[in-house]
Amino acid sequence: MTKGNLPKLSLHVPEPPYRPGDPVDFTALAVPPAGAQPRPDETCAADETHPLCLDLVRVLGDDDRAHGPWDPKLDAATLIRMLRLMALTRAFDARMVRAQRQGKTSFYMKSTGEEATAVATALALAGDDMVFPSYRQQGLFIARGYPLVEMVNQIYSNRADKLKGRQLPIMYSARAQSVFSISGNLATQLPQAVGWAMASAIRGDSRIASTFVGEGSSAEGDFHSALTFAAVYNAPVVFNLVNNQWAISSFSGFAGAERTTFAARAIGYGIAGLRIDGNDPLAVFAAVRWAADRARANCGPTLIEHFTYRAEGHSTSDDPGQYRSAAEGAEWPLGDPIDRLMRHLIALGAWDADQQAAMDAEVDAEVRAAVRAAEVNGTLGQGLHHPFRTMFEDVFETLPWHLAEQSEQAIHERQVKWPDWSDDADVGDAR
Amino acid sequence: MSDHTVLPGKRMTMIEAINDALDVMMARDPMVVVLGEDVGYFGGVFRATAGLQAKYGKTRVFDTPISECGIIGVAVGMGAYGLRPVPEIQFADYIYPGLDQLVSEAARLRYRSAGEFIAPMTVRSPFGGGIFGGQTHSQSPEALFTHVAGLKTVVPSTPHDAKGLLIAAIEDNDPVIFFEPKRLYNGPFSGHYDEPAVPWARHADSFVPAGHYRVPLGQARVVREGQAVTVLAYGTMVHVAREVAERQGIDAEVIDLRTLVPLDIATIEASVNKTGRCMVLHEATRTGGFGAELAALVQERCFYALEAPVERVTGFDTPYPHSLEWAYFPGPVRIGEAFARLIAA
Numbered sequence: 001m002t003k004g005n006l007p008k009l010s011l012h013v014p015e016p017p018y019r020p021g022d023p024v025d026f027t028a029l030a031v032p033p034a035g036a037q038p039r040p041d042e043t044c045a046a047d048e049t050h051p052l053c054l055d056l057v058r059v060l061g062d063d064d065r066a067h068g069p070w071d072p073k074l075d076a077a078t079l080i081r082m083l084r085l086m087a088l089t090r091a092f093d094a095r096m097v098r099a100q101r102q103g104k105t106s107f108y109m110k111s112t113g114e115e116a117t118a119v120a121t122a123l124a125l126a127g128d129d130m131v132f133p134s135y136r137q138q139g140l141f142i143a144r145g146y147p148l149v150e151m152v153n154q155i156y157s158n159r160a161d162k163l164k165g166r167q168l169p170i171m172y173s174a175r176a177q178s179v180f181s182i183s184g185n186l187a188t189q190l191p192q193a194v195g196w197a198m199a200s201a202i203r204g205d206s207r208i209a210s211t212f213v214g215e216g217s218s219a220e221g222d223f224h225s226a227l228t229f230a231a232v233y234n235a236p237v238v239f240n241l242v243n244n245q246w247a248i249s250s251f252s253g254f255a256g257a258e259r260t261t262f263a264a265r266a267i268g269y270g271i272a273g274l275r276i277d278g279n280d281p282l283a284v285f286a287a288v289r290w291a292a293d294r295a296r297a298n299c300g301p302t303l304i305e306h307f308t309y310r311a312e313g314h315s316t317s318d319d320p321g322q323y324r325s326a327a328e329g330a331e332w333p334l335g336d337p338i339d340r341l342m343r344h345l346i347a348l349g350a351w352d353a354d355q356q357a358a359m360d361a362e363v364d365a366e367v368r369a370a371v372r373a374a375e376v377n378g379t380l381g382q383g384l385h386h387p388f389r390t391m392f393e394d395v396f397e398t399l400p401w402h403l404a405e406q407s408e409q410a411i412h413e414r415q416v417k418w419p420d421w422s423d424d425a426d427v428g429d430a431r
Numbered sequence: 001m002s003d004h005t006v007l008p009g010k011r012m013t014m015i016e017a018i019n020d021a022l023d024v025m026m027a028r029d030p031m032v033v034v035l036g037e038d039v040g041y042f043g044g045v046f047r048a049t050a051g052l053q054a055k056y057g058k059t060r061v062f063d064t065p066i067s068e069c070g071i072i073g074v075a076v077g078m079g080a081y082g083l084r085p086v087p088e089i090q091f092a093d094y095i096y097p098g099l100d101q102l103v104s105e106a107a108r109l110r111y112r113s114a115g116e117f118i119a120p121m122t123v124r125s126p127f128g129g130g131i132f133g134g135q136t137h138s139q140s141p142e143a144l145f146t147h148v149a150g151l152k153t154v155v156p157s158t159p160h161d162a163k164g165l166l167i168a169a170i171e172d173n174d175p176v177i178f179f180e181p182k183r184l185y186n187g188p189f190s191g192h193y194d195e196p197a198v199p200w201a202r203h204a205d206s207f208v209p210a211g212h213y214r215v216p217l218g219q220a221r222v223v224r225e226g227q228a229v230t231v232l233a234y235g236t237m238v239h240v241a242r243e244v245a246e247r248q249g250i251d252a253e254v255i256d257l258r259t260l261v262p263l264d265i266a267t268i269e270a271s272v273n274k275t276g277r278c279m280v281l282h283e284a285t286r287t288g289g290f291g292a293e294l295a296a297l298v299q300e301r302c303f304y305a306l307e308a309p310v311e312r313v314t315g316f317d318t319p320y321p322h323s324l325e326w327a328y329f330p331g332p333v334r335i336g337e338a339f340a341r342l343i344a345a
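These protein sequence lines are chains A and B, in that order. Residue numbers for the first sequence follow my numbering, so the first one is 1 and each next one is one higher. Residue numbers for the second sequence follow my numbering, so the first one is 1 and each next one is one higher.
Check the hints yourself; a few may be wrong.
As the list claims (entries may be wrong) - Now the stretches of chain A that chain B is said to cover, found in silico as 3 or more residues with beta-carbon under 8 Å:
1. 162-170
2. 181-190
3. 194-202
4. 397-410
I should point out that these hints are in silico values taken from the structure, not numbers from a laboratory. Backbone N, C-alpha and C define an ideal beta-carbon position, used for all residues, glycine too.
The whole structure should be built from the sequences, with the hints applied where relevant.
See below:
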């Protein structure tokens, strides 16, 4: 097949360093000391940030202290609030996985280990900045004050679900909290966030947009379209790329991680980029606040790579023990964001183990109360769903004739199967 | 409309009518923005947006990167903000990179968010053949969009309708795919490609009223009344069907559907129940085309009135060839023979 003395071509198919049962060795992973990274001015030329795309911005050191120019110098009350929101998110996740195992819903996705990427981002943005999330930012909804009971109603697709039982669990929508409806098609939210940011600039508004994407779906064309548009129009948008190392069972190498960092995509587009320790809540807060201030000052978009680790499976539908080494999570060199912030507060003398235990009990009680309140409205498994007629609503603003006819047919089918059925009395169980 | 001459307005080409609709809407509503490849300073490759950037400024009419995914995607975000974006996809043949943003996002946003967010965008795109565009500048992909729950699909056939339908589409709170038959941009088309082109100026429906008016979405128009056979057509084929009927002396009722979704089923039923014979006609490829949907609806609803099988006249199931474009096009011979079969049955 080969011509002359040319070598045979070979195809490189990436392979993660560790598979189930393998011991792990993270010594090759470059983790610079906290506080070592320079912090350029928010209004700097984009290329001043580019060395940081290959670095790792860290604030919280191994001594549990905040270091260097990226220290956001938050007061203890704010740090405690951040800690509580992350703990609440983790407690919510734990409870919802149990609910899924109990048959109360079909599906759930935890954010364990990644709480800082959502919670600290929410606290760093203004409350009315529009966020276009991906599917693992429950901490953002919680931090923005979206009621837990609304989240559970949505997860249960019950009668009180604001989304009328149409969406897969966790695909919330929270317009009042300035959070866009979650899709399920990956990376579609990125150009949408850029469009929202462009609209805000067109209208001379002061609100900016922010969006989230996983490292895996950064391979989608939408990611590159979004960065191109953001760069071209200098759109006031903050891109959060959450690199949690795994896209279901595919490691980050299948999105290009063997070649360069994800933050380095910013270099090619000529926009600002930062690569940060995503398990360091202070670094996340500082980087997002920096990028938000930059966008608000008309200095354009920033791509932030949150370097973190997905401590659990992708969702309740996969078992990570089938494709990766359990030692990865246990030995992850950047630790756990809740644990790190707790130890920081203790080191500051602002927190202790008793307070931590009290807070854990408190957030657990808060989650239980929300779940109890939601279960009154029904669960996916045990009925009380949205009225049947709502299936045909909202396809269009008004019901066209063909959907009216199909709605009649659907109601007729129900009446054939259950002669005593009426939509108003529909309790939905097994129907 | 016979009273056109007493109303303010003037004769326009379809391009001028589209430009006028955009001008009217941009003046009325500061939330309307126009974006797309080459639509800004240059005014569009077909001149549909000429003069708009100079009049409304660079932040309301602007060029975009060559990225249909990005164009539609940012339009979804702009709609979420509260704007009414009117993106142009330079040719319908290029719309496919934007398909996910249309099908999975714009079309379903109202449904998935239970009305919290909507996508009030109008995607304008020239479509259809007859200008020697080859297989990448001639396609008619309307059936891909009529198949999607949550999208409206509109095709004008005259300057008057183009303006009124485009205004209605921009004012609509649902996403609208607005396909402009580019063969009709500068004049109606008889289907006889070897005859001299006719300008819009001599056509009654080139009179375009000044200012704001709507042609409501979902209302067909009976272009030519007849008793013998009903033709269901849209875009370029409306003119070709009428011309063939005139020349062959067929007493055909030609219906311009104008909107494919939502479809004006009442007008279709009334006509087919009257004539008992029906031809469905489009330029797009045959298999799975919108004509199949029309034929199915007619047999479901008018079966006992039918005196003959529904005739389906379409383009062939090939890419649109460059040199053999008129062999592909459903022209007077294909239509004429279908008329003959319908009448003889």
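Q) Mind checking, does the region 397-410 of chain A have 3 or more residues with a CB under 8 Å from chain B? A) holds (count 4)
Q.
Tell me whether the statement that chain B covers the region 181-190 of chain A is true, taking a Cβ distance below 8 Å and needing three residues at minimum.
A. holds (count 5)
(Q) Three residues or more, CB to CB closer than 8 Å: is that satisfied between the region 162-170 of chain A and chain B? (A) Holds, because 5 residues of the region 162-170 of chain A bring their Cβ atoms closer than 8 Å to Cβ atoms of chain B.
Q.
Can you confirm whether chain B covers the region 194-202 of chain A, using C-beta to C-beta distances below 8 Å and requiring at least three such residues?
A. Three-residue rule met by the region 194-202 of chain A, so holds; n is 9.
Consistency with the previously given hints is maintained throughout, with no hint failing.
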